[in-house]
Amino acid sequence: MTSANETMTSDTILKVEHLSMRFGGLMAINDLSLEVKRGEITALIGPNGAGKTTVFNCITGFYKPTMGMITLRQKAGKEFLLERLTDFEITKHAKVARTFQNIRLFSGLTVLENLLVAQHNKLMKASGYTVMGLIGLGSYKREAEASIELARHWLERADLTDRADDPAGDLPYGAQRRLEIARAMCTGPELLCLDEPAAGLNPRESLALNTLLNGIRDETGTSILLIEHDMSVVMEISDHVVVLEYGQKISDGNPDHVKNDPKVIAAYLGVEDDEVEEVIAEELDGGTL
Amino acid sequence: MSNANSPATDAAPGLMAKALREGLFAGLLAFGMFLLYVGVETYQNIDNALVWRMRWGLLAVFVAIAAVGRFLVVGFIRPNIDRRKLSKAKAGLLEVSEDKGFFHRHFLKIAMIALVLYPPVIVTLYGVQGSLKFVDNFGIQILIYVMLAWGLNVVVGLAGLLDLGYVAFYAVGAYSYALLSDHFGLSFWVLLPMAGILAAFWGIILGFPVLRLRGDYLAIVTLAFGEIIRLVLMNWSEVTGGTAGISGVAKASIFGIYSFDVGASNNFAKSFGLPMSSAYYKIFLFYVILALCLITAYVTIRLRRMPIGRAWEALREDEIACRSLGIDTVKTKLTAFAIGAMFGGFAGSFFAARQGFVSPESFVFLESAVILAIVVLGGMGSLTGIAIAAVVMIGGTEALREMEFLKHIFGPDFTPELYRMLLFGLAMVVVMLFKPRGFVGSREPTAFLKERKSVSGSFTKEGHG
Ligand SMILES: Nc1ncnc2c1ncn2[C@@H]1O[C@H](COP(=O)(O)OP(=O)(O)OP(=O)(O)O)[C@@H](O)[C@H]1O
Ligand SMILES: [Mg+2]
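As given, the protein sequences belong to chains U and C, one line each in that order.
Quick note: the first sequence uses this note's numbering, first residue 1, plus one each step.
Quick note: the second sequence uses this note's numbering, first residue 1, plus one each step.
If you are wondering where the hints come from, they were derived from the structure by calculation, not from laboratory data.
If you're wondering where the values come from, they're calculated on a predicted model, not measured in any experiment.
Some hints here could point you the wrong way.
What the hints assert, rightly or not - Take a look, some chain U residues computed to stay more than 10 Å from chain C by CB distance: (1) D11; (2) T66; (3) R142.
To be verified - To give an idea of the interface, some chain C residues facing chain U are shown, with a C-beta separation under 8 Å as derived from the structure: (4) N235; (5) R310; (6) A314; (7) D318; (8) I327; (9) D328; (10) L423; (11) L426; (12) A427; (13) E444; (14) A447; (15) L449; (16) K450.
Note that beta-carbon positions come from the ideal geometry of N, C-alpha and C, so glycine has one too.
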């Protein structure tokens, strides 16, 4: 912990160092280091199979990394070594929430219930671990009303108020994506990890998503780490971009820097490695870099 | 079929031919299926040798039922249903009518009043001694299964954990009461909560290793645990009395004020100057199990609206999403297991007090299967549906015993209750065909913003371990 303290400044919320993840013979992530700044939207991009979702699974505890250290520093200064916690403890104690590439809602529960389940830990405490709540003692009633208010707030933000009492499985695709984000926000996270939130959205929904994410960052101060394929979304809303290819970081910087990075262009256009070197050499000659 | 202009008149002869064909086919199928099961009977002759003979008559009845039944369904019943649906659709009526009748709206109140009035009504109709059969076999027996199924519903219906060994907790409750009352002379009212707590405790102990498994594995291991408990009860003879079981288990008393022991000075019947009968005890037990059922329902309904209950249902829907929201799924599963086990324990101690006798015989796998079948038939998660399923299934098997007239159809050796598993299977197939989600397939939300809309069964999941 002490070594992390020294290296981590207060404006960094998440620091990933020398992260590796091996599946049998496949190195899905290879010695990856990156930082997420507090209060910013950081995008993680890269071609299919680059290992983006695997990074998320390591950060949120669904996979145990083969090697490396993941440090999360909360606003109050408390630090957590995420690779040592299990998945639910990361959300409960370290305050990291996530969404999934293939949406995972409680489809048989209503939209409102989905948001109430997300406030489970808070409500459990208020209900005296069920015992006090069952006999009607303690602060459960007040807390239950507060949880509905919080749910109502996020329903409004996600434009789902009209559908609050419908089953989550009945929502159209775009609304399901927004509900998953609203549900993650109901856990009160400091870091929100979104796995391809714009996938499958039409341009109008995509625009609404941008507004929602910008709102989350500006109003709650929640830092966002998001995976995205759609470059227009990435360039539009992210403050910082990290590019992965074959489990390795190939570029890191602000959107403009990354957009013009020849390695990134090569990765996305699928150019051979030696050609990339040629491009870099040419650019060096030309003095543009 | 060829003439599209007048389908109603032209279809009829074709339909009859089709019905005949299908009826014949069903008859053939039934003949093949029942030839060995029903047609052949084995018995011991005077020399104690096992011989067999054919029961052609009985077989013919089975085949005839299948053939005629199929003929009627294809030829008359199905066209009729189709016609009615068509005319309804033409009239613009929706299949799901929102206009609920008086009975539907006040169903719970009516059911409650009927249950409370049931024993006095039966006593006035059949007399004290005559009421015994109805109160005990139909009343208490059904209510025990209602309670067991409601308890299992917490585990299977809400949390989505397939538990095939539920009867183990029923056994723990029954033996706890039998042994503790025998050795320490504690009363029913002290031991009832204790049996529940002990069963819950066993639920947690068994749950710890088991709940890390998922789906089929969980089902198999719980099945094995159910059998282990039964085998222990059978073989640990010094304590449990082995296969002979424990007899002379103490009766419950009316809170120690009145006793139902024949010799006791505060015997209920004696105190009120009534003629001696075991019917009073049964009537008392009827109200006890009714109260236990109500407590189970109340606790389940309350728990569903608490965070733990919502977590159970969320767990059934998607375990990974639960973990991503910071829910400790192992603890959540354990609480579901423990609460379900606790209700099983209550029911078990009641069973011991009612029966006055416990033996491993009562806790075989078949019991677990029957309880699970009731939960599935009723609609997983729905208390009303499960209660209806228990009435139909348990009441139905009890009613089979009463159907003497069947002997006139199937012959004098026909013992209807031997066919109760056939009835069970048949009911299962029929319900699953017409209502794949059970009698009550929809689920009531636990909270709402504007209006309470029930969630259609097509959205809810069954859980996967
Ligand atoms: N549980 C696993 N077991 C084995 N291999 C895995 C596992 N999870 C991921 N992989 C492999 O790791 C590599 C990276 O996968 P990952 O899902 O992280 O890619 P991604 O960048 O998210 O791709 P996409 O853009 O398609 O979502 C892939 O080759 C994948 O097959
Ligand atoms: Mg991915």
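Each hint, compared with the structure:
Against the 10 Å criterion, U/D11 stays outside the reach of chain C, whose nearest CB is about 25 Å from its own CB. With 10 Å as the threshold on Cβ separation, the claim that U/T66 sits away from chain C holds: the shortest Cβ distance comes to roughly 21 Å. With a minimum CB-CB distance of about 14 Å to chain C, U/R142 clears the 10 Å threshold, and the non-interface call stands. At its closest, the beta carbon of C/N235 sits 38 Å from a beta carbon of chain U; the interface hint therefore is violated under the 8 Å criterion.
Interface hint at C/R310: satisfied, since its Cβ lies 5 Å from the closest Cβ of chain U, which is below the 8 Å cut-off. The interface hint given for C/A314 is met, as the beta carbon of that residue sits about 4 Å from the closest beta carbon of chain U, less than 8 Å. The criterion of a C-beta within 8 Å of any C-beta in chain U is met by C/D318, whose closest approach is roughly 5 Å, and the hint holds. A distance limit of 8 Å between C-beta atoms decides the matter here; for C/I327 the minimum to chain U is near 5 Å, and the interface restraint holds.
Because the smallest distance between the Cβ of C/D328 and any Cβ of chain U comes to about 5 Å, under 8 Å, the interface hint for this residue holds. Look at C/L423: its Cβ only gets to about 31 Å from chain U, farther than 8 Å, so that hint breaks. For C/L426, the interface hint is violated, the least distance from its beta-carbon to any beta-carbon of chain U being 29 Å, above 8 Å. Interface restraint check: C/A427 against chain U, minimum CB-CB distance 25 Å, threshold 8 Å, status violated.
Among the interface hints, the one on C/E444 is violated; its C-beta lies about 10 Å from the nearest C-beta in chain U, farther than the 8 Å criterion. Taking 8 Å as the C-beta contact cut-off toward chain U, the hint placing C/A447 at the interface holds, the least distance being around 6 Å. Restraint check, C/L449 versus chain U: the minimum CB separation of about 4 Å is within 8 Å; hint holds. With its C-beta approaching chain U no nearer than about 6 Å, C/K450 sits inside the 8 Å limit, and its interface hint holds.
Violated hints for the displayed structure, listed by number in ascending order: 4, 10, 11, 12, 13.
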